[in-house]
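Could you build the full structure based on these sequences and the hints that come with them?
Quick note on our numbering: the sequence shown kicks off at 13 and runs consecutively.
All the pointers check out, no bait thrown in.
Dumping the calculated BS3-like pairs for lysine-lysine here, alpha-carbon to alpha-carbon at most 30 Å: (1) Lys105 / Lys86; (2) Lys86 / Lys75; (3) Lys93 / Lys75; (4) Lys107 / Lys123.
Here are the simulated distance ranges between beta carbons: (5) Thr104 / Gln45: 20 to 26 Å; (6) Val27 / Tyr89: 23 to 29 Å; (7) Val24 / Pro49: 40 to 46 Å; (8) Pro22 / Lys55: 37 to 43 Å.
To be clear, the hints were calculated from the coordinates, so they are not data collected in a lab. Here a beta-carbon is modelled for each residue, glycine too, at the ideal position from N, C-alpha and C.
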Amino acid sequence: MGEPIIQQDPAVLQVECELRYRDTVLELVDLIQSPPPHRHSEKIDTWLHNSLCQWEICWDNRKSAGIAKAVFHKLEYSIIKVMSTINSEWITKSKSAYNEFGRRGHAYEVKITPIPNDLDLSSEEYSEIEDEDESSEKAEE
13 MGEPIIQQDP
23 AVLQVECELR
33 YRDTVLELVD
43 LIQSPPPHRH
53 SEKIDTWLHN
63 SLCQWEICWD
73 NRKSAGIAKA
83 VFHKLEYSII
93 KVMSTINSEW
103 ITKSKSAYNE
113 FGRRGHAYEV
123 KITPIPNDLD
133 LSSEEYSEIE
143 DEDESSEKAE
153 E
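Below is the structure:
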């Protein structure tokens with residue numbers, strides 16, 4: 013037989029969510045105050061991954077913790093603003109995290125161009141694609 017389901021006291025659950033949210037906000041504030049160095053793919057990827065993980069914990073706990081939407085959105089906007097300064101050319105492993113923040117950024121009118129996850133082209137390969145596109149545009153004229 014399965015384990016019995018134990019109902020948790022709503023007040024205890026709220027306190028646990030508040031603590032989890034508060035601790036995670038502190039980690040996010042550290043990330044916001046320490047953006048990754050430009051032109052360092054590994055540190056940028058790590059920063060993006062950590063930021064998204066912490067943001068998700070805040071997102072998951074905000075309602076149960078009784079956090080006002082305006083408070084959460086201010087935090088979210090702060091991390092997205094920092095993220096929008098990252099040069100996407102240096103992102104190698106955290107494209108999904110970057111794109112998730114980019115999608116969320118549109119709600120704040122922060123323009124972030126998504127990165128295709130399935131394309132990992134060198135600049136030379138990308139130039140060849142651009143040249144092909146320009147050639148086909150000229151042929152259509």
